[in-house]
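Protein chains in written order, with this note's numbering: chain A, 1 to 235; chain B, 1 to 235.
Worth flagging that the hints you see were computed from the coordinates, not collected in a lab. Treat the hints with caution; some may be incorrect.
So these bits of chain B aren't anywhere near chain A, every CB distance computed over 10 angstroms [what the hints assert, rightly or not]:
id, residue
1, T19
2, Q46
3, T50
4, L52
5, Y57
6, G60
7, L82
8, E100
9, Q101
10, E104
11, F111
12, R143
13, G164
Restraint-style ranges between C-beta atoms, simulated for each label pair [what the hints assert, rightly or not]:
id, chain 1, residue 1, chain 2, residue 2, range
14, B, S40, A, N151, 27 to 33 angstroms
15, A, K75, B, S167, 41 to 47 angstroms
16, B, S166, A, A54, 24 to 30 angstroms
17, B, T61, A, E63, 48 to 54 angstroms
18, A, E159, B, E159, 37 to 43 angstroms
19, B, S98, A, R42, 30 to 36 angstroms
In this text, a Cβ means the ideal position worked out from N, Cα and C, and glycines have one as well.
There are 2 protein chains.
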Amino acid sequence: MTLSPVEESEFGVSGCLDTKQRLLDAAVKIFSEKGFHATSMRAITQEAQTSLSAANYHFGTKEELLRLALQQRVKLFNDRRLTLLQKSKKEAGEATLSIEQVFEAYLQPFFERRTEWVFQGVSPAGLAIRLYLDMPEFVARVRKEAFTVINHRFVTELEEALPGFSSCVLEEALQLGTGVAIHAAIDVFEMNLNASDEKKRAGSRLENTVRFVAAGVCAVNGGPFIGPSDLGENS
Amino acid sequence: MTLSPVEESEFGVSGCLDTKQRLLDAAVKIFSEKGFHATSMRAITQEAQTSLSAANYHFGTKEELLRLALQQRVKLFNDRRLTLLQKSKKEAGEATLSIEQVFEAYLQPFFERRTEWVFQGVSPAGLAIRLYLDMPEFVARVRKEAFTVINHRFVTELEEALPGFSSCVLEEALQLGTGVAIHAAIDVFEMNLNASDEKKRAGSRLENTVRFVAAGVCAVNGGPFIGPSDLGENS
DNA sequence: GTCTATATGTTGATAGAC
DNA sequence: GTCTATCAACATATAGAC
């Protein structure tokens with residue numbers, strides 16, 4: 001997995017690639033691969049072919065380096081969302097957009113690997129996702145083990161409830177449902193960092209999530225829409 | 001935030017609470033609060049009122065301690081799922097369960113704080129969620145900052161597409177959509193640890209996710225179901 | 001601006017007495 | 001089984017030469 005440490009960057013502020021930008025690129029690369037905690041400043045400076053002190057001169061702390069690196073990449077990501085949104089609005093003319101169109105603009109960049117984004121194998125979405133799921137490899141493995149049996153049990157159950165669906169689709173549905181529930185339950189466990197103003201009805205959180213997931217599963221494979229469409233193909 | 005270090009444990013293998021179990025309880029508590037990386041063995045042993053060597057004697061490594069602690073808690077979580085499933089099947093009699101019923105059994109424990117589970121303020125779901133979103137506080141803050149503007153923009157857009165919906169509901173919908181997309185995109189970025197057998201059609205991943213989320217949002221607040229129901233109240 | 005060298009603290013894990 | 005004492009490796013951060 002050897003690769004030339006510096007080739008070219010689409011973020012270069014000046015003509016040539018200075019140390020600061022090399023550090024930002026290296027930070028994006030290694031943060032994306034290993035997450036925040038598991039990444040050491042030494043690894044980043046080594047990747048950028050510079051020294052530990054240079055990094056501290058430019059950024060002060062590891063946290064500030066992450067902040068700037070993330071900002072640089074996320075800007076590309078979010079600009080892309082706005083571009084997609086504008087494109088849809090232009091095509092729609094006077095009509096208002098459907099929620100499908102809005103969500104498509106919002107979610108599509110997660111699934112794209114635009115060549116002008118990818119730098120040393122890393123795309124902006126890769127970093128964002130990595131920071132969301134910032135667990136060491138071992139944790140992911142143990143967690144997966146702990147839920148293998150129960151998930152298999154529930155896939156079997158879903159197969160009974162939805163006879164026409166393939167098991168791998170239902171596996172995926174269960175994974176998506178877990179993702180939804182986790183995000184829905186975050187502030188139930190007071191792990192949210194924003195002021196939970198609690199204007200949302202807490203009591204109906206479970207019911208809403210169940211409805212959300214069940215409707216989503218049916219929409220994906222039980223609806224009129226089977227297989228790939230032409231959505232997003234003109235990107 | 002002082003609390004008596006040892007009160008009682010529902011996991012006691014023997015009559016009294018030995019060092020090994022105290023370590024497991026302390027591990028669950030601190031792993032749940034801080035995640036894996038940010039938790040030191042010293043913090044766990046201090047909480048358990050024992051020494052670092054005792055932990056290493058019983059578990060060998062920090063990873064093994066996490067594995068065993070997680071297994072112990074997850075068993076309660078998954079047993080609860082099975083109980084709920086059995087209850088629904090019993091009530092259904094001969095009829096097969098709906099997917100709503102299946103997902104309800106699967107997801108409900110995420111939102112429960114059963115008194116017999118909670119030990120020193122930690123429930124099994126709390127640990128599972130923490131391990132999913134195992135980021136340091138700083139990372140969560142920076143990530144949130146980076147997406148504040150764009151999220152506000154898309155909430156505005158959704159308000160236009162769904163005039164009757166409240167903005168806080170749409171904020172929540174966007175968060176859930178992000179959760180879905182992240183989980184759906186994980187193996188797009190080859191961050192999945194299981195052998196991605198790629199029998200799932202990769203090309204339609206985005207379209208399925210968009211449909212999933214859009215249908216989910218409508219089902220939660222556009223469907224016949226508004227506000228709290230009696231689902232799960234008899235738990 | 002960038003480097004070498006170092007300060008200071010923490011980590012997970014181990015050795016050996018009891 | 002549990003402890004004290006210690007290890008080597010790693011972390012972030014800084015001082016000062018150039």
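*What are the numbers of the hints the structure violates, in ascending order?*
7, 8, 9, 10, 11, 12, 15, 16, 17, 19
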